[in-house]
Amino acid sequence: MSDPNSRTRIEPLLASARALKDGSTERGKRARERLVASSGLSLEGVNFAISRCLEAEPSEQELEALIRSTPSAQVAHVLLSANVFVAAHRAIAIGLAASETVHVRASRREPEMAELLLEGATNSFRLVDELTPHSGDRLWAYGSDATLEQVAVTLPPGVAFHAHGSGFGVAVIDGALPDSDVNELLSRLAEDIALFDQRGCLSPRVVLVGTGLNQAQSIARALATELTRVEQRIPRGRLAAAELAEITTFHDTASFAGELLPAGLGYVSVAESATWSIPPIGRNIHVLPTSDPVKSLTSLRPMITSCAFAGAAALRNALRAALPGARLCSFGNMQAPAFDGPVDRRDL
Amino acid sequence: MTRNARSDALHQAVRAFASGQSTRSFSDLALEIAAFQRDFSAGFERLVTARRRALKAVEDIPGVPCDAFRLARVAVHPEAEDQLRFGTSGTTSGARGWHVMRTAETYRTLALNYGRKALLAGSGPRRVVALAPCLDAPPSSSLGYMMGMFMLDFEPFAEAEIRTSERWLLGDTGVDVAGLERAANLAREGGEALLVLATSFALVGLLDVLEGRELSVPGSSVVMQTGGFKGKSREIEPNELRQSVAQTFGIAPSHVVSEYGMTELTSQLYEATLPGSKLEAERQGTAGVYCEPPWLRVIPVDPIHLEPVAQGEIGIGRIIDLGNVDSAVAIQTQDRVRRVQGGIQLLGRAPGATPRGCSLAIEEFLARTT
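For the record, the sequence lines run as chains A and Z. Note that numbering that gives the first Met the number 0 numbers the first sequence so that position 39 is 38, with each residue one more than the last. Note that numbering that gives the first Met the number 0 numbers the second sequence so that position 238 is 237, with each residue one more than the last.
Hints are supplied without guarantee of correctness; some may be wrong.
To give a feel for the contact side, a few chain A residues facing chain Z, derived at Cβ under 7 Å [stated by the list, open to error]:
1. GLN231
2. LEU243
3. ALA244
4. THR247
5. SER254
6. ALA256
These aren't lab readings, by the way, just hints derived from the structure by calculation. Model, not experiment: these values are computed from the prediction. Beta carbons are placed, not taken as given, at the ideal position from N, Cα and C, and that holds for glycine.
All chains should be built: construct the whole structure from the sequences, respecting the hints.
Now the structure itself:
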């Protein structure tokens, strides 16, 4: 049985998130304007992310699991990252599950979501400019590995540190699936890719296809078509100059090394090489034919946060065993994991 | 003409161009090599198609990104015809690429031609040592291979066997200071100049071991420094390193000559600072400005559209190297460069996109799945 106080502390946050989901209210409209400005996503991208990924109504079991899996703390400190604005909601909920005193430092690049949540859950937590944890406190930090390393070395003794760093998602398609099933999967995968313009740590960057090159090329073409379709509905947002430069490098590298297919403003690459490039953000993905998806993922294990899978149970079980830190999920749900704790299960 | 016949003719043309015995222009040769590579390299043909530019001017030749060497074979010929295979530096994921060559002759001609001009002052005897690991066999390091060639060519009476501990003064335990001092003594006694070929991180290692102690080398000695630090030593700002090296060796700062090379290239760039050298006489260079040989051209381009930037503006370097006949005549680097009077300034590697939050930092975005 979880601490009822934890549940009481989280409830106003959930109510605040529920209110934000309603885009017809003045608050909902204002929230979307602010999030478009801070996230760089298109308005359609923000709307899609809120509707698909903001977990405002978790099940009883999920909440129970979140509270049960969260250790209590004197003071819970939460350091938010910039990329995936909805992640603030889950991160703050974990803080509230841990303590009645929660200090949150938002990213300077994306300060809006935490403020928006606080507006509807006044006094639930404090937004601060700097986190100053003391012995006995806990700090949950989300961000790049480099940021987390910097944070770790500045912590005073006795502060428990929960670090959630860089990573990416993968998708695995069993080669034996019928084409009609594959097309449906790719349609959902295109949405997983489009969410947050692929900036999230759950965003898929590679699809492993348990077949030969020909079928992988056919899947790559179908995925490029789906991504183009999704882009008509959910346009890509603004990218930074350095992000665009990385896409240019990827474009030329992948063109040289294999086949590169335009997919709206992004690209789908496909090649049989054992060494491949993890595509940059901005709706780019690599399709890798492989006779052994589990083996192909082994060296990437520490970075994999999420794995969408479709195929035989034996392969599912093998992936579960090989990727204990990743969430195994269905296509279309890569960016909406159960609200039962942090988004990934890696032990960093 | 067959592939190899075209390749041989192009190699010959490039060597003639390098020795000043050709009436053909740099642009004509570059475009002819690019057309040859488009005909025989499927990867380059795809890149040209993807870039949607007809190969009509040097600026139209798309640069093969350095990462492509790690993902695919960059060559017009099959592996069986490789005469040289140089490994690129590995990434943390272990992915390593190879720059292969069908003939060693062009590499040798170009490297020696320009190395002599940049590093040799006067015609007196000299002794050559390297602060680098001993050359392996077959050679997998392009830098080591070049250093070995310099040893054999620059010393009038060099022994054919150069793989000796007297020559290569960097081992698992760091720089062999005693070996370096021994070489300096022998050079002084023999009335020779000492030429020390060194990586930057080896020089930093030497400075750290010496802790301010100075070496006694002949005053006409020269240190060639090359490469970055690659996390192997603390980093020192280039000018500070030059000053410290000059002081430690007791030579003028102008005798510390920086070289810029890459495994993916056949040719090198040097500072034209060494008094008495042919390159200094021709270009009167300044420290920090790298001079291209006539058969190589650096084009600073903007990193998003890859179009040439205006004169004097910073771009990333696309390098057209006529020596890369059988691999990639144009290489797209991520090194920030600026064209200035007399050559090219190197301004460090372009930073990757700032990792935002928890998305993967693609500082080196290569994965290896075996």
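Return the status of the interface hint for A/SER254: holds when the least beta-carbon distance to chain Z is below 7 Å, violated otherwise. holds, 4 Å
Does the closest beta carbon of chain Z sit nearer than 7 Å to the beta carbon of A/GLN231? violated, 23 Å
Next item in the hint list is A/LEU243. Is there a CB on chain Z closer than 7 Å to its CB? holds, 5 Å
Holds or violated: A/THR247 as interface residue toward chain Z, Cβ cutoff 7 Å? Because about 6 Å separates A/THR247 from the closest Cβ in chain Z, which is inside the 7 Å limit, the hint holds.
Given a cut of 7 Å on the nearest C-beta pair, is the interface hint for A/ALA244 held or broken against chain Z? holds, 4 Å
Please check whether A/ALA256 passes as an interface residue: C-beta within 7 Å of a C-beta belonging to chain Z. holds, 4 Å
In terms of the numbered hints stated before, the structure departs from hint 1 and from no other.
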